[in-house]
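Engineer: Chains as they are written, first to last, in UniProt numbering: chain C, 1 to 349; chain E, 1 to 311.
Hint data in this document are derived by calculation from the structure and do not stem from the laboratory.
Computed from a predicted model, the values in this text were never measured in an experiment.
C-beta: ideal position from N, C-alpha, C; glycine also.
Keep in mind that a hint or two might mislead.
Stated by the list, open to error - BS3-like, lysine-lysine: derived pairs with alpha carbons at most 25 Å apart: (1) K34/E <-> K59/E; (2) K267/C <-> K226/E; (3) K128/C <-> K92/C; (4) K226/E <-> K339/C; (5) K267/C <-> K59/E.
Unchecked claim - Residues from chain C that keep clear of chain E, each with C-beta distances beyond 12 Å, as calculated: (6) D10; (7) R29; (8) P89; (9) T130; (10) P140; (11) T147; (12) N221; (13) D223; (14) G261; (15) S264; (16) G322.
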Amino acid sequence: MDTIFIQRTDIGRWLDRLAEERTVFAPTRRDGAVVYRPYRTGFVLELDAMPTTSPKEIVFPQNETLLTYSRAGNASGGAPKVEARETLPEQKAVIFGARPCGVNGLGVFDQVFDNDKTRDAYYTARRKDTRIITFACDRPRSTCFCTNVGGGPGDAAGSDVMLYPLGDGFVAEAVTTGGKAMLSLATGAPAGDREVAAKALVETAREAMPEPLELARIRENFDKCFNDMEFWEEQSGKCLSCGACAYLCPSCHCFNITDEGTESEGKRLRSWDNCMSYTFTAEASGHNPRAAKAMRLRNRVGHKFVYFPETHEGEVACRGCGRCIVSCPSSVDIRQIAKAIQEYCDDDK
Amino acid sequence: MKQSIREALPGLDLVLGWEQGWDALHATPLFIRKAEDVDRLILGPTCVQSLAVQLPSLKGKKVGIVVKGCDSRAVVQLLRERLLDRAEIILFGFGCDGVVSLKRLTKVLGDLDSVTSVKKTDDRLVVESPDGRREAAFDDVCAPKCLDCAWPNAVESDHFAGPRLEPRPPAESKTALERFEEKSLDERFAFWKREMERCIRCYACRNACPMCVCRDKCLAVSRNSKFVSQEANPSESFMFQLIHVMHLAGRCVSCGECERACPMDIPLGLLRAQSTAVTEELFHEQAGTDPEAPLPLLTFKTDEETIEERD
Ligand code: SF4
Ligand code: SF4
Ligand code: SF4
Ligand code: SF4
Ligand code: SF4
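Full structure from sequences and hints, please.
Structural biologist: Here's what the structure looks like:
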């Protein structure tokens with residue numbers, strides 16, 4: 001049976017079983033923030049609110065060690081002995097409680113880190129055996145706009161199991177064979193009529209999503225407004241140039257690599273970086289091609305709506321999750337910026 | 001307020017204020033450049049951001065700024081540190097009766113979405129959304145700083161709109177800091193370990209701080225200094241917080257912007273409150289309340305009245 005109904009009260013038992021074989025990353029509350037943490041028995045699950053952070057951290061952690069090195073002097077006077085050891089991660093994981101937009105964000109990562117030209121060993125080591133259990137959204141937030149960028153509240157692409165909320169439980173549907181295996185560990189009843197009811201709820205939610213964001217002219221207009229610094233200063237004036245939007249974004253994937261340690265031992269680290277930070281493009285010479293925050297915000301929006309689509313068959317990298325809107329301390333709204341580009345007209349300048 | 005901005009605007013490059021953001025619960029900074037922009041200005045309990053954070057980067061322009069009491073303290077402190085030029089700044093002050101903390105509000109009323117109206121009536125906050133009308137006692141949902149606000153009126157202003165308000169009396173019950181300090185060192189350490197564990201090092205706390213002036217050249221991210229490792233763990237994140245607190249010692253104006261900006265809801269204000277309590281006790285003064293007063297940490301005295309250096 002591929003579709004069952006699981007009571008909310010039975011979810012914990014299911015995760016207990018899943019956690020015997022895999023690390024299950026599930027949402028839990030930390031004051032006002034909802035984060036993914038490894039599930040253990042007794043864990044307090046947050047089954048309703050959308051997580052503050054995105055699921056990307058499970059396959060692309062905030063920081064990871066790429067290699068460790070050591071260098072020892074040679075007693076007989078020859079060249080010192082230098083050793084570098086690669087630290088490839090091992091991971092068998094389940095992401096529980098992602099939303100379709102977050103899962104779609106991983107699609108961007110897959111395209112960047114695992115393609116015919118580039119295969120990132122660290123990313124793929126985590127990603128290849130990570131399974132995903134997704135919540136369909138029956139109540140999108142007013143900041144959600146997934147339907148404008150190719151997704152939707154019931155979008156199952158990339159997921160192994162879909163959970164459709166209904167009353168005191170979830171209709172659970174296996175999407176892949178891996179999902180089927182995971183679902184076989186759950187305690188549930190045949191979904192019956194509830195399947196139709198639950199999917200109808202999500203369909204109603206999809207229809208009620210805010211008015212479409214027009215993006216048709218955005219690529220063409222971006223070229224036109226690229227050098228209009230007055231326009232970009234207007235768009236970015238209130239932005240504080242922090243990293244909240246990029247670090248919470250399910251598709252932002254920029255990183256920095258640093259060596260930390262001494263001459264005799266240390267490690268090479270990879271950590272999240274973001275284009276809103278001044279140091280992102282600071283060059284060793286002291287020159288910074290993106291010295292002003294207007295140029296940095298232009299890059300963030302440009303990457304999402306223009307540069308990524310140019311190299312990935314038109315696909316927009318923003319997945320419409322709204323995290324950057326909800327968590328921005330200045331309430332910068334990326335939809336407004338996209339709209340301003342779409343409506344940009346240089347005729348009257 | 002709108003009237004005085006309209007009148008002053010021709011002599012200014014811009015005026016910083018607030019307008020409604022993506023819903024009625026979220027105000028967002030407004031850059032007023034043209035007369036018609038003035039119509040979008042709002043003043044009220046959602047106007048949380050301190051616009052003073054923008055001023056240092058606007059140096060050289062003639063800038064008007066709308067300030068609550070706490071915001072004006074940041075401007076005054078920046079002036080006092082000669083980081084701004086008084087001749088370039090026009091302050092539009094008003095008497096503020098408190099702003100909302102979205103974090104406290106959601107704790108009391110639950111997640112609020114598509115809010116269509118937010119109104120403060122006497123001591124209640126009324127929020128309307130398609131889910132219906134919900135209300136709470138204002139003191140339960142306001143920013144913690146507003147509970148015992150001693151400076152509701154702009155400390156300094158060129159134009160002042162509306163009536164001047166009475167300061168709130170100091171809190172009778174113990175402050176969060178006093179309660180925290182009763183805990184043992186181990187308990188306090190465990191607390192910060194748990195809180196800092198979710199820090200994503202986005203530096204929103206730093207960039208929202210009107211008194212942070214290094215920002216792009218921050219010790220925490222500069223590539224060679226290695227005061228803080230890139231490794232993501234509570235002790236590194238806490239180290240960054242200590243850098244920020246130390247750089248704010250005697251300068252922090254208790255505006256709470258650091259804590260408000262944190263997307264991970266880490267109670268950063270507690271650290272600042274601790275350092276502020278120490279500097280206020282030592283130097284008998286509050287940052288940002290007197291533009292003429294000498295800066296305690298930049299003033300040399302052979303004998304400090306409050307510091308015992310030798311027997
Ligand atoms: S848009 Fe908001 S979250 Fe992003 S850098 Fe600017 S202030 Fe920070
Ligand atoms: S850009 Fe903003 S809305 Fe788009 S996917 Fe990233 S966080 Fe979500
Ligand atoms: S601290 Fe005072 S001036 Fe500042 S927002 Fe609260 S009540 Fe207003
Ligand atoms: S704003 Fe919060 S999450 Fe971001 S660096 Fe500061 S403490 Fe960490
Ligand atoms: S440290 Fe926090 S409370 Fe102090 S001035 Fe900066 S933002 Fe305001």
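Engineer: With reference to the structure, classify each hint as holding or not holding.
Structural biologist: Now for the hints, and whether the structure bears them out:
For the given pair, K34/E sits about 20 Å from K59/E by alpha-carbon distance, which is consistent with the 25 Å threshold. Between K267/C and K226/E the CA atoms are separated by roughly 14 Å; this keeps the pair inside 25 Å, and the hint holds. At most 25 Å may separate the alpha-carbon atoms for a hinted pair to count; K128/C and K92/C meet this at roughly 8 Å. Pair hint K226/E plus K339/C does not hold up; C-alpha atoms about 41 Å apart against a cutoff of 25 Å.
Between K267/C and K59/E, the direct Cα distance comes to roughly 42 Å. Violation of the 25 Å bound is thereby established for this hinted pair. Separation of D10/C from chain E is adequate, the least Cβ-Cβ distance of about 25 Å exceeding the 12 Å criterion. With a minimum CB-CB distance of about 10 Å to chain E, R29/C fails to clear the 12 Å threshold, and the non-interface call is violated. Distance check on P89/C: its Cβ is at least 14 Å (rounded) from any Cβ of chain E, clearing the 12 Å threshold; non-interface status holds.
For T130/C, the shortest C-beta to C-beta distance to chain E comes to about 19 Å, beyond the 12 Å cut-off, and the non-interface label holds. Annotated as non-interface, P140/C brings its C-beta within 12 Å of a C-beta of chain E; the closest such distance is 9 Å. Under the 12 Å C-beta cut-off, the non-interface status given to T147/C relative to chain E holds; the minimum distance is some 16 Å. No Cβ of chain E approaches the Cβ of N221/C within 12 Å, the least distance being about 22 Å, so the stated non-interface status holds.
At roughly 25 Å, the least C-beta separation between D223/C and chain E is larger than 12 Å, which holds for a residue marked as non-interface. The claim that G261/C lies off the interface is violated: its Cβ sits roughly 10 Å from the closest Cβ of chain E, which falls inside the 12 Å cut-off. At roughly 16 Å, the least C-beta separation between S264/C and chain E is larger than 12 Å, which holds for a residue marked as non-interface. Non-interface call for G322/C relative to chain E: violated, since the shortest CB-CB distance, roughly 9 Å, does not exceed 12 Å.
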